[in-house]
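J.: Chains as they are written, first to last, in our numbering: chain A, 1 to 296; chain B, 297 to 456.
Simulated from the structure, these hints should not be mistaken for lab results.
Glycine included, C-beta positions come from ideal geometry on N, C-alpha and C.
Be aware that a few hints might be false.
[What the hints assert, rightly or not] Simulated restraints on C-beta separations: (1) Q143(A) with P358(B): 45 to 55 angstroms; (2) W402(B) with A147(A): 34 to 44 angstroms; (3) W402(B) with P146(A): 50 to 60 angstroms; (4) I381(B) with I163(A): 34 to 44 angstroms; (5) R379(B) with N226(A): 24 to 34 angstroms; (6) Q101(A) with S361(B): 50 to 60 angstroms; (7) G394(B) with V18(A): 54 to 64 angstroms.
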Amino acid sequence: MKALLRFAIFCAVLGVLVGLLVTRPDRSEVAFDAVTITDTQAGALVFAAGGCASCHAAPDATGDAKLTLSGGRSFPSDFGTFYAPNISTDSSAGIGDWTRQQFAQALTRGVSPEGKHYFPAFPYTAYAKMTAQDIADLFAYMQTLPADATPSLAHNVGFPFSIRRAVGGWKILFFLREYQVVGALTEAEERGRYLAEGLGHCTECHTPRNALGGLDRSRWLAGAPNPSGKGKIPNITPAALDWSETDIAAYLTTGFTPDYDSAGGEMVEVIENLAQLPEADRAALAAYLKRVTPVP
Amino acid sequence: MKKLFVLPLAASLAITAIAGSAIGDGHADKALQAAISARQAQMKLISFNTALLGDMAKGAVPYDSATASAAASNLAAVAKLDRSILWLEGSVQGTVDGTRAKPDIWTDAAGFDKAAQGLETAAAAMVSAAGTDLASLQASMKAIGDNCGTCHKAYRGPKN
Numbered sequence: 001m002k003a004l005l006r007f008a009i010f011c012a013v014l015g016v017l018v019g020l021l022v023t024r025p026d027r028s029e030v031a032f033d034a035v036t037i038t039d040t041q042a043g044a045l046v047f048a049a050g051g052c053a054s055c056h057a058a059p060d061a062t063g064d065a066k067l068t069l070s071g072g073r074s075f076p077s078d079f080g081t082f083y084a085p086n087i088s089t090d091s092s093a094g095i096g097d098w099t100r101q102q103f104a105q106a107l108t109r110g111v112s113p114e115g116k117h118y119f120p121a122f123p124y125t126a127y128a129k130m131t132a133q134d135i136a137d138l139f140a141y142m143q144t145l146p147a148d149a150t151p152s153l154a155h156n157v158g159f160p161f162s163i164r165r166a167v168g169g170w171k172i173l174f175f176l177r178e179y180q181v182v183g184a185l186t187e188a189e190e191r192g193r194y195l196a197e198g199l200g201h202c203t204e205c206h207t208p209r210n211a212l213g214g215l216d217r218s219r220w221l222a223g224a225p226n227p228s229g230k231g232k233i234p235n236i237t238p239a240a241l242d243w244s245e246t247d248i249a250a251y252l253t254t255g256f257t258p259d260y261d262s263a264g265g266e267m268v269e270v271i272e273n274l275a276q277l278p279e280a281d282r283a284a285l286a287a288y289l290k291r292v293t294p295v296p
Numbered sequence: 297m298k299k300l301f302v303l304p305l306a307a308s309l310a311i312t313a314i315a316g317s318a319i320g321d322g323h324a325d326k327a328l329q330a331a332i333s334a335r336q337a338q339m340k341l342i343s344f345n346t347a348l349l350g351d352m353a354k355g356a357v358p359y360d361s362a363t364a365s366a367a368a369s370n371l372a373a374v375a376k377l378d379r380s381i382l383w384l385e386g387s388v389q390g391t392v393d394g395t396r397a398k399p400d401i402w403t404d405a406a407g408f409d410k411a412a413q414g415l416e417t418a419a420a421a422m423v424s425a426a427g428t429d430l431a432s433l434q435a436s437m438k439a440i441g442d443n444c445g446t447c448h449k450a451y452r453g454p455k456n
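Could you build all of it, start to finish, from the sequences and the hints given here?
T.: In structure tokens:
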């Protein structure tokens, strides 16, 4: 009996140790060897494509105020409410004292400079596909933005989702670095894939999630309930979105559907961002969407 | 004896009141529905004229200055309709069927007015641009789109 108890304790301890080992944050370095120069103007485009301001600007900020990344916008979900943190250049409230390496690890590993997991409300699973050059340009650009001392709000997430270490387990299950759309792609389709599955993270809202909040890859971009509880985010696979590539690109520029209804909801901000990109990028997104598996 | 009178009187008054309010609601409903259809017709006209301009802007149809001018002046005229009788209080999503108007239209009336005036300004700019040449039309198109989006984001509820 005593032996059995000892064995049970041994198993429990081993389980905890293995658990701690596999859920530990990935703090491997992001290689910047190939980056020789950085360009803040290119960084401004990365910033627009990544939609950084749409989440990190103060709620309801418009115009130039959107460049003050003081945070505070709330994101309700099945797991609780997340608040976008201050990522302005303020060295205590924001990320002004971060190194480029820390910034890159946050974006692509979902790990903070203190070595903690970020909740995946921050779309690092998509940003993980960012090139080192884009990260470097973005970092250089964000250094030019204003500082703001507004403190970040604590997330309001209930137990057990509040255990940061558990995010390590979530990452094992759902943090896949592979592209979803594979096969022979044209240069434009590849660029569109980088924007849609990576930097622009279209997939984060347009793909439904399972009970644990992982993307349901069998219904890639096939639409999902709006996490705010109101309305639905549409299916944009070719089975539902039958617009021409020209019409899709025009929608991403002006917000007009082919019937001249206009975008609403969060998509208005997405279009504001995408409209700043070169026309070729919006055409690339349209080309990519035509290569997505149709899901009725 | 007194009680005997009071009771039926109270009951009949109550019945009258209920019936009266029901009839009143019927009238109000009809007025709200009429306002909703009228402003949806306004949106349809905005969309129709914007389509003529937008299709030229994106190169789907060749530029024609007469059509563009006509569409722009229609758009400017329709954008200017007096909102006070179209956006009746209570004609709101969740209360009345068939509308996606958000309560914010009335709780933030100044913001709604400013957003609507945004389209008036953009449409007025389009009137002078549309007939000039394709490049001017294209340059003015973005402001039209931005204003549609800004207003719909803040004041139009979700489709489903």
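J.: Just to be sure I understand the hint, the distance between the Cβ atoms of Q143(A) and P358(B) should be within 45 to 55 angstroms; is that true here?
T.: About 47 angstroms separates the Cβ atoms of Q143(A) and P358(B), which means 45 to 55 angstroms holds.
J.: Between G394(B) and V18(A), does the beta-carbon spacing fit 54 to 64 angstroms?
T.: Holds: the Cβ-Cβ distance is about 58 angstroms, inside 54 to 64 angstroms.
J.: So does R379(B) sit 24 to 34 angstroms from N226(A), Cβ to Cβ?
T.: Once the Cβ atoms are compared, 28 angstroms apart, the range 24 to 34 angstroms for N226(A) and R379(B) holds.
J.: Range hint 50 to 60 angstroms: satisfied by the CB atoms of W402(B) and P146(A)?
T.: violated, 35 angstroms
J.: CB of W402(B) to CB of A147(A), is that within 34 to 44 angstroms?
T.: Check passed, 38 angstroms falls within 34 to 44 angstroms.
J.: For the range 34 to 44 angstroms, tell me whether the beta carbons of I381(B) and I163(A) fit it or not.
T.: violated, 57 angstroms
J.: Taking 50 to 60 angstroms as the hint, is the beta-carbon distance of Q101(A) and S361(B) inside that range?
T.: With a Cβ separation near 57 angstroms, Q101(A) and S361(B) satisfy 50 to 60 angstroms, so the hint holds.
Checked against the numbered hints above, the structure breaks hints 3, 4 and satisfies the rest.
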